[in-house]
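**Student:** Got chain C sorted already, so can you dock chain X onto it with the hints?
There are 2 protein chains.
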Amino acid sequence: MTDSILNNNQENVNGSVSIIPLGGLGEFGMNMMVYETEDDLIVIDTGFMLPKSDMPGVDLIFPDIRYLVERQEKIRGIFLTHGHEDHIGALAYVLRQLDVPVYGTQLTLAIASGRLREYGVFGKAQLNTIVAGDTVELGDFTAEFIHVTHSIPDSVAIALRTPIGVIVHTGDFKFDMTPIDGKLTDIQTLARLGAEGVLMLISDSTNAERPGQMPSERSIYSAIDSIFQNTEQKLFLSTFSSSLHRVQQFIDLANKHRRLIAVAGRSLINNVRTASELGYLKVNPDYFIDARDASMFRPHEVMILSTGSQGEPRSALTLLAFDNHPFLNVEQGDTVVISARIIPGNERAIRHVVNHLLKRGAKIYHEGNSNVHVSGHGASEDLKLMINLLRPKFFTPMHGEYQNLVRHAELAESVGIPIENINVAEDGELIYLTADSCEVLGREGRSGRVLVDGKAELELEDIVLRDRIQLSEDGIVVPIIVLHSDTGDGNQQEGIVTDETASQGEHSTASEQSPTTANDAKTGLNTGEIEIISRGFVYMDKSEELMEAAKEITRNVIANLSDEQKHETETVQDEVRGALRRFFSKQMQRTPLIFPVVMRV
Amino acid sequence: MTDSILNNNQENVNGSVSIIPLGGLGEFGMNMMVYETEDDLIVIDTGFMLPKSDMPGVDLIFPDIRYLVERQEKIRGIFLTHGHEDHIGALAYVLRQLDVPVYGTQLTLAIASGRLREYGVFGKAQLNTIVAGDTVELGDFTAEFIHVTHSIPDSVAIALRTPIGVIVHTGDFKFDMTPIDGKLTDIQTLARLGAEGVLMLISDSTNAERPGQMPSERSIYSAIDSIFQNTEQKLFLSTFSSSLHRVQQFIDLANKHRRLIAVAGRSLINNVRTASELGYLKVNPDYFIDARDASMFRPHEVMILSTGSQGEPRSALTLLAFDNHPFLNVEQGDTVVISARIIPGNERAIRHVVNHLLKRGAKIYHEGNSNVHVSGHGASEDLKLMINLLRPKFFTPMHGEYQNLVRHAELAESVGIPIENINVAEDGELIYLTADSCEVLGREGRSGRVLVDGKAELELEDIVLRDRIQLSEDGIVVPIIVLHSDTGDGNQQEGIVTDETASQGEHSTASEQSPTTANDAKTGLNTGEIEIISRGFVYMDKSEELMEAAKEITRNVIANLSDEQKHETETVQDEVRGALRRFFSKQMQRTPLIFPVVMRV
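Going line by line, the protein sequences match chains C and X. Using the numbering used here, read the first sequence as starting at 1 and increasing by one per residue. Using the numbering used here, read the second sequence as starting at 1 and increasing by one per residue.
Next comes chain C alone, as it looks inside the complex (with noise of 0.2 Å):
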């Protein structure tokens, strides 16, 4: 009882480890999490996140490490898992704001050193290849790499001693008991953990909610030799470009098969290129053809390893599809196979394109209709073995929406961890462990994401995404009122031309050709032309009326504005902007951005 008091004392000096979620725990992506103790600070994985449809413009998304810059003197190094994005895509972002060493095996740094080249951190970063097995010593904490199965190669879970035990971040794994590289998750190190005394599991809940144990890598080989067997023309194999065993077992089949091989698509070229380099890939060069030349070829002597399996815009198979790709072509008679998962969000894209492959003619193959996919992460009974190698104390599910976090508590608590000891926590949280207890603390600021657009390289503020997407709701209107001296001279020719004829659209205001001028003798200023524009919110050909009404509400505001109000320009503005977005609510039910322009000539 007094040691319980003693340890949950905030105050002891390495009596505990604060563990906080910065991304990865109530969202797919993004994951990174840090461990804290008093001195010493280790952070494990650097994800990024792709947006969803609801964020117009953003082409990224990166955890708010605004808690990591803040405390870079006790930073003590970044440790990645394996070379996937939502685990390394964000590291050249951290490199930039953090002065860190970096810690991962050899594929996953040469993989993440192709962004931070791009990046241009490359030259200052840090990079400290580890093999697993190894154990690595900073300040608190002591890391020991532990090889795990993974759909890409070189996947380590991280065993991290520290002052009040063991923790054990399993990074992405599954038990595949036939790995295509021959390299078994570490059950006897996990195993070893386990009989020694695991304080705390945190583990990948991503397929918390899939039933029983997922099949090996090698369990898709035999559906697509037999695709191979039934092609007679030119067969194109779509995959993510990391997902190294999958390329294996397409060329090892190319090979079998007798076909040439072609990679379309640069990420594709890319891994394919540094994964043989790097031994990680068995591939005879001789077998390789330039995709440009495949068409020299008759169509079964090819095999084309192809991108695009999400049915992102510019990628390989998306060009394919509707036969906009610059050298090759999909013909009636071929046979197109994506070979992934079906990232939540892309259906519609997918499907897309496979209805546009089915009008060329080609025969489609994909997860909804055979075996060509596998998993690279456990389900529910692998991540059952998990917990029951490591017989932990205390556990948190990660990597997951709430609800694939909330499955892997259950599972948890079916294999007898108490309830009490389970602690479901989302980004930002902080997870407080001491050596006999565990809780969950609120959330003060410690999260956030920041929204990227990638094409300009540049943080997006939350107001220009709020602006987007109400510009996408309802458009854009706005409103151009002149305020002149009154200089007696009435013969001053005066006209706002609007954008008649736009090549870009040609559907603004009616340029006003006899402006209403109200004179407003009482303050010496004449409430001149006011001209509306808008933008996506309705065809102006055919809403004269509406917008010569809202003129008229426009004109009236000004009139009644006293001569001060007049001359505060925010007034104005605050005056037109309120009484148009009364009148257009009330007459459409809509809510365009209402951007007054007040000009004093």
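Some hints could be false.
For chains that are exact copies, the list does not tell them apart, and a pair is met inside one copy or across any two.
Okay, derived cross-link-like pairs now, DSS-like style, lysine-lysine, Cα gap no bigger than 27 Å in a straight line [claimed, not checked]:
no. : residue 1 : residue 2
1   : K393      : K282
2   : K384      : K363
3   : K384      : K359
4   : K282      : K359
5   : K393      : K359
6   : K393      : K363
7   : K124      : K74
8   : K363      : K586
9   : K359      : K74
10  : K359      : K124
11  : K74       : K363
12  : K183      : K124
13  : K256      : K282
14  : K183      : K363
15  : K384      : K183
These are computed hints drawn from the structure, not numbers from a lab.
**Tutor:** Same frame as chain C, now just chain X:
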């Protein structure tokens, strides 16, 4: 041979039927099929479709019915197969433009009437109630209505007797051997038609990719029964408001388990009332309570029927998930059953609702983790049975994306329909049918879709949608260019004041405090002040430099124009737009809408 030539002759009166899908062939939704002879035209179904996420601000999609409007005088009637929105949802839209009689079963017309009233066309609508077994003769077409099982009661297939033979249009169907209302698909009539000879079958492809036979609606009873048994607190059941067989089972189970029934959600309240009054739902009104009173009962005494199975933003279930419902709440230990399929595109919204219900502490059952839903559409074996019962000469699949249609065509081939007699067609194509030939002719502007902004009940032009998409991707930039006569009066004070401190958002351009004025002596026009407004483009506070450069470019463009060009507003706009488009594209890799405003003072 002569016969065939004769029948292919399009001039041959009554020797052919043109079949034109205006919707539902190439997508799910907006089902609408035209059957036309020289003299007469009938329409089967008038459905709408819900928009996809890449159509911001679009609420509904209707088929384009110009083809019908142009042939108004030969349209003899509209037949409705059943009361789902993808079959009747565009009826009000159609009847606003066409004055034709409508034929449907009692329940179908009762559900359709609600929307006709909303749109103010109920008064003039000529609604004719039919029952399965009836025949209706309209010109060249005699329709026989055939009862089929589906997720909504009172559904029919239609056999059209035409001068060249019988065409069977299935509508949506399954072969449920133990239907909830005891009314089987009328296999006898289908078999009789098959024996008499069917020229053509047009059949539902929704589940063509699902192997096997679709289980009976009754198959979910035991799973739901067991959920009732294991729930000690409030029980929420969510399904489509039109899934009345499902609702009947819920009501029966509530009675069995002595729970009172509250209904939450307008469409469900309406449908339960209508179906009860007409006898399609068997209910004891004593067991219903007002949802407002639900909190007065003990949690285990209440079952709440709720809308929102698709995660619709304002539905009862979504409000409950976010603890935002006016008089109901989900508490720790409550149970929520989502008894509906996930319509493609809604995956994310549903997951969001599930995650939040889990955070409220509810236990969730859905299609993904238990047997709480079964489809109302036949799977592969059911589709084959339909073909085998009718043994049609020609076959065309309907209702589905291209891949579903192709799969259904393969199924037809597998049961012996000659491949040359199977035609996969898409919206707007003309299927030209004679007594011994069937071919698909090209699309000739016969199809299209009408996008509707439901809030405003406006048809949305494609150009407005395109603008909204561009706005949402990259925002809008409005350069304002003042061109004024050189009055020689250097004292006039000018200033464009933009929306610096707008309450809607504080990120306009900084207003230019010291405008640079480039005099252009040659032309007599001064290129005066230039201001650039943007929204949804970049966060302006951080981009002063960018905007200064853009202003400079605009100034240079104008300075380089000839006198004549400067007087042509269009030219000024085109040149400025072109220059800024190149600039932003190069600097930012972005293409905002650029919308120059030229003012002449």
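**Student:** State for each hint whether it applies.
**Tutor:** Okay, the hints, checked on the actual structure:
Taking identical chains as interchangeable, the C-alpha atoms of K393 and K282 are never at most 27 Å apart, the minima being 42 Å within one chain and 54 Å between chains. Within a single copy, K384 and K363 get their C-alpha atoms only as close as 39 Å, which misses the 27 Å cut-off; across copies the closest is 21 Å, which meets it. Proximity of K384 and K359 under a CA criterion of 27 Å is satisfied inter-copy only: 23 Å between copies versus 45 Å inside one chain copy. Neither within a single protomer nor between protomers do K282 and K359 lie at most 27 Å apart by alpha-carbon distance, with minima of 36 Å and 47 Å respectively.
Proximity of K393 and K359 under a CA criterion of 27 Å is satisfied inter-copy only: 24 Å between copies versus 56 Å inside one chain copy. For a Cα distance limit of 27 Å, the shortest separation of K393 from K363 across copies, 26 Å, qualifies, whereas the shortest one inside one copy, 52 Å, does not. In this homomeric assembly, K124 and K74 come within 27 Å of each other (Cα to Cα) only inside a single copy, at 19 Å, whereas the closest approach across copies is 77 Å. Taking the shortest alpha-carbon separations for K363 and K586, neither the intra-copy value of 53 Å nor the inter-copy value of 41 Å comes in at or below 27 Å.
Proximity of K359 to K74 under the C-alpha cut-off of 27 Å is found in neither arrangement, the shortest distances being 58 Å within a copy and 34 Å between copies. Taking the shortest Cα distances, K359 and K124 never come within 27 Å of each other, neither inside one copy (50 Å) nor across copies (43 Å). In the homo-oligomer, the alpha carbons of K74 and K363 never lie at most 27 Å apart, since the shortest distance is 56 Å inside one protomer and 42 Å across protomers. Proximity of K183 and K124 under a CA criterion of 27 Å is satisfied in neither setting, with 33 Å inside one chain copy and 75 Å between copies.
Taking the shortest alpha-carbon separations for K256 and K282, only the intra-copy value of 14 Å comes in at or below 27 Å, while the best inter-copy value is 64 Å. Neither within a single protomer nor between protomers do K183 and K363 lie at most 27 Å apart by alpha-carbon distance, with minima of 35 Å and 40 Å respectively. Taking the shortest Cα distances, K384 and K183 sit within 27 Å of each other inside one copy (21 Å), while across copies they are farther apart (47 Å).
In this structure, the earlier hints numbered 1, 4, 8, 9, 10, 11, 12 and 14 are contradicted, and the remaining ones agree with it.
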